[in-house]
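Take the sequences, apply the hints, and build the full model.
When the letters of the sequence shown are read in order and numbered with the working numbering, they come out as residues 1 to 720.
Everything labelled a hint here was simulated from the structure, so no lab data went into it.
Everything numeric in this text was worked out from a predicted model, so none of it was measured.
In this text, a Cβ means the ideal position worked out from N, Cα and C, and glycines have one as well.
Please note that the accuracy of each hint is not assured.
[To be verified] Straight-line C-alpha distance at most 20 Å; calculated EDC-like pairs for lysine to aspartate or glutamate:
#1 Lys-587 <-> Asp-499
#2 Lys-288 <-> Glu-49
#3 Lys-124 <-> Glu-191
#4 Lys-36 <-> Glu-49
#5 Lys-140 <-> Glu-191
#6 Lys-179 <-> Asp-143
#7 Lys-285 <-> Glu-49
#8 Lys-124 <-> Asp-143
#9 Lys-138 <-> Glu-191
#10 Lys-717 <-> Asp-595
#11 Lys-634 <-> Glu-519
#12 Lys-36 <-> Glu-290
#13 Lys-588 <-> Glu-631
#14 Lys-74 <-> Glu-49
#15 Lys-285 <-> Asp-241
#16 Lys-179 <-> Asp-199
#17 Lys-286 <-> Glu-49
#18 Lys-124 <-> Glu-180
#19 Lys-457 <-> Glu-265
#20 Lys-286 <-> Asp-297
#21 Lys-264 <-> Asp-459
#22 Lys-194 <-> Glu-265
#23 Lys-620 <-> Asp-652
[To be verified] Label-pair distances were calculated between CB atoms; the ranges are:
#24 Asp-484 <-> Leu-427: 18 to 28 Å
#25 Ser-470 <-> Val-571: 19 to 29 Å
#26 Ala-624 <-> Gln-266: 53 to 63 Å
#27 Gln-521 <-> Gln-433: 47 to 57 Å
#28 Thr-388 <-> Thr-702: 36 to 46 Å
#29 Thr-562 <-> Asp-484: 42 to 52 Å
#30 Phe-477 <-> Arg-601: 45 to 55 Å
#31 Phe-477 <-> Leu-427: 14 to 24 Å
#32 Ala-505 <-> Ala-624: 41 to 51 Å
#33 Phe-477 <-> Ala-505: 26 to 36 Å
#34 Thr-702 <-> Val-571: 48 to 58 Å
#35 Ala-211 <-> Leu-275: 43 to 53 Å
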Amino acid sequence: MLSTPRYFSAILVTALLATSGHALAQTAPKPPLPLKTVRLYESGVGYFERSGRVGRDAGLALPVPVSHLDDALKTLVVLGTDGKTSVAGIEFASSISVENGRALAGLPDGSGPVTHASLLRSLKGGGIELRTARETVKGKLVDVLDPENGEPGPCVPIAEGEAPKKQGEGAPVPCVPRKETTLLVLTTEAEIRKFFLSDVVGVKPTDPALAARLGASASVSSTQGTLARRDLRVLAESTSDVTLGYVAEAPVWRSTYRMVLSDKEQRGILQGWALVHNDTDEEWKKVKVELVNGRPDSFLYPLAAPRYTRRELVAPAEALSTVPQLVLQTADAMWSEMIGDTFGAGGLGLSGLGEGGGGRGEGIGLGRVGTIGHGSGTGTGSDQGSSTVLSVGDLAKVAEAEGMEAGALFRYSMPLPIDLRAHGSALLPFLQQSISARRLVWFGSVYDVGRSAARIKNDTKQTLPAGPISFFADGGFAGEAQIDRLKPSESRFIAFGTDIDVELAQNDLLVTEEVQLVELQGDQLVEHFIRHTRVDYTVENRSGGARTVFLNLDLVRNATVTGADELDFDVVSNKPLAVFASEPRSKKVRRVEADEGLSRRTLVSSLHPRGLRSIAAAPKLSAAQRASLEEAAKHLTDAEARESLLPKRRADLDELVQDLGRLRGYLAATRAKNDAEKFTAQILEKEARVKELRTRIASLGTEAEGYRGRARTALAKLHR
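Okay, structure coming up:
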């Protein structure tokens, strides 16, 4: 993480000295250590360095928001340049969780709202000063009764605000008892008094410890409490400057580019700008800013707040009461209340990982914002692809120098320190260099509209972060797009507009195939063949300037192409490109021919004699392979001849079985002796026929399987 060698006097991860918040509240605050360096990462964190001189009695203060305290304690490191720095520890006001704060203050568990009544109940048993409009009472709060459990108050009229009407001498006034939250107070004079909450102006705890706990609970329960600054006091001695570094959450820095194209030199000036934010309450003064293009792992970890483990509650062997039975609460009652109380522990869940597959396919297209995208997938459904036996050519040789790896991280250091106000943002230039940029017209296919694009090659020594890029050409704005992360020597095709002056059309297409070799792989017959494609393209340029047209070719890498002015290769989509030079106001027909080395797979169970004889007719096959294919085709013909008889035999068998059913029904219903003998004879005859048909069907199936086995044996003779 650090750019210059330094002596590590201590890496403070676990050995931190913490004192109570009450004790530190009485300690005079130390001046904060000046901020010197900020290094921002793409993973949403920043590395902050503060440097200064420290003496024997002086401390160094590190201002950290409470919400960032865990990160700071997890990553804090103390650096000394003289090798004589001595660190005794770090002290800070303890941080407590919301749950702990509510528990310390006696508030209800959970994250529900804190009501007036629940806040007053947290003061039960404590000393208070209660004020009404007429008096001030000191004592202890005994209980807070809700309206349902409170004692009835004075009678109030039925209709709110309506004065009771006189109904004669001695007649009762129609009213209802007053019900509201009631406070029971034991005064300092040992007098028990009752106060309705609506009559109470204020309640103040007189116990300082209780007041402190309430204040701590209010701090951790509010957003302002998490934003408050917490000073980490470094106890260290050094004869020179001491540097403290720590990691904290920081806004992700983002990059944006401007590209000024030059058609004559096929180069452009690339300007890179970084957007950085200071989201702290501290003003940056003469701070060195470094931007890291990379994503080191960083995670959140609860470290600062005190943690407690759960201990088992063991009941006595004998059910003995801890208080006399005349007291309202007993140990048995306490135990029964705790039966339903369960404790759970949270853990870190690992998200499941899965994989999926499908048919093989590749495609290339233009994204909405101009980037030229691609996609691919692999699976068992593939029946055609590049041949692993035939070597026709390698269209990717033109891109062999692409994709040089420059490491996982790349750092940009701003040349001068910057000043940035608190909660301010700045756009900082971090790059301006000349790079390879060839302007072109991109066609994803002959059916697409031509797109103004550029082939950008990062021939600098710096990794370019991802970001939007604006193109300028011909003295003005040309379009904009997005660029992904680009390492040194890598190149990308980026489209940034539509070229309405260039059209591309396909006139004629001729495709022929010639099998070169056949082999058996498992249960598949593999044909290795060369596909020859001849296509005529009409390139029309209606503009007054020359254009360079790039056409994406739907070819495999194992191929050769002729007819184009030059060839290129897109390493992202893994597709070759035909390049045509188009003169101003011209219309020409260009013929492109390609030979691809491909392979095709067919399951042996789905082979047919006609297909095998068609393959055997290929002139490039050896005599031995043709003989094996012809032999296999003959055996498949015999197998299909027998399989063709099976449907008729099965239909005859079904008809005989139905006739037998009818005859057995007639025999059961007849009572004449002559008819019974006639039905019996017919039944015996058809049963013999059924037996014969079943034997013949089984024989035909066996013979067909035998011939298919011989065909597979013949295909196994295929060799390269």
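To see whether the hints hold, each was checked on the structure:
1. Lys-587 <-> Asp-499: Since the Cα atoms of Lys-587 and Asp-499 sit roughly 16 Å apart, the hinted pair holds (cutoff 20 Å).
2. Lys-288 <-> Glu-49: At roughly 10 Å apart (the allowed maximum being 20 Å), Glu-49 and Lys-288 satisfy the hint.
3. Lys-124 <-> Glu-191: Answer holds: Lys-124 to Glu-191 is near 16 Å, not above 20 Å.
4. Lys-36 <-> Glu-49: At roughly 6 Å apart (the allowed maximum being 20 Å), Glu-49 and Lys-36 satisfy the hint.
5. Lys-140 <-> Glu-191: holds (10 Å)
6. Lys-179 <-> Asp-143: Judged against 20 Å, a Cα distance of about 16 Å means the pair holds.
7. Lys-285 <-> Glu-49: holds (13 Å)
8. Lys-124 <-> Asp-143: holds (6 Å)
9. Lys-138 <-> Glu-191: holds (11 Å)
10. Lys-717 <-> Asp-595: Violated - the C-alpha atoms of Asp-595 and Lys-717 are around 29 Å apart, more than 20 Å.
11. Lys-634 <-> Glu-519: Since the Cα atoms of Lys-634 and Glu-519 sit roughly 18 Å apart, the hinted pair holds (cutoff 20 Å).
12. Lys-36 <-> Glu-290: holds (11 Å)
13. Lys-588 <-> Glu-631: violated (51 Å)
14. Lys-74 <-> Glu-49: Between Lys-74 and Glu-49 the Cα gap is close to 15 Å, so the pair holds against 20 Å.
15. Lys-285 <-> Asp-241: holds (18 Å)
16. Lys-179 <-> Asp-199: holds (13 Å)
17. Lys-286 <-> Glu-49: holds (13 Å)
18. Lys-124 <-> Glu-180: With Cα atoms ~18 Å apart, Lys-124 and Glu-180 stay inside 20 Å; holds.
19. Lys-457 <-> Glu-265: With a Cα-Cα distance of about 14 Å, the restraint between Lys-457 and Glu-265 holds, given a limit of 20 Å.
20. Lys-286 <-> Asp-297: violated (29 Å)
21. Lys-264 <-> Asp-459: The hint holds at about 18 Å.
22. Lys-194 <-> Glu-265: This hinted pair is violated, its Cα atoms lying about 94 Å apart.
23. Lys-620 <-> Asp-652: Measuring from Cα to Cα gives roughly 48 Å; hence the hint is violated.
24. Asp-484 <-> Leu-427: 18 to 28 Å: holds (21 Å)
25. Ser-470 <-> Val-571: 19 to 29 Å: About 25 Å separates the Cβ atoms of Ser-470 and Val-571, which means 19 to 29 Å holds.
26. Ala-624 <-> Gln-266: 53 to 63 Å: Once the Cβ atoms are compared, 54 Å apart, the range 53 to 63 Å for Gln-266 and Ala-624 holds.
27. Gln-521 <-> Gln-433: 47 to 57 Å: Since Gln-521 and Gln-433 have Cβ atoms about 52 Å apart, the given range 47 to 57 Å holds.
28. Thr-388 <-> Thr-702: 36 to 46 Å: holds (38 Å)
29. Thr-562 <-> Asp-484: 42 to 52 Å: For Asp-484 against Thr-562, whose Cβ atoms are near 33 Å apart, the range 42 to 52 Å is violated.
30. Phe-477 <-> Arg-601: 45 to 55 Å: Taking Cβ atoms as reference, Phe-477 and Arg-601 lie about 51 Å apart, which means the hint holds.
31. Phe-477 <-> Leu-427: 14 to 24 Å: holds (18 Å)
32. Ala-505 <-> Ala-624: 41 to 51 Å: With a Cβ separation near 47 Å, Ala-505 and Ala-624 satisfy 41 to 51 Å, so the hint holds.
33. Phe-477 <-> Ala-505: 26 to 36 Å: holds (30 Å)
34. Thr-702 <-> Val-571: 48 to 58 Å: holds (56 Å)
35. Ala-211 <-> Leu-275: 43 to 53 Å: holds (46 Å)
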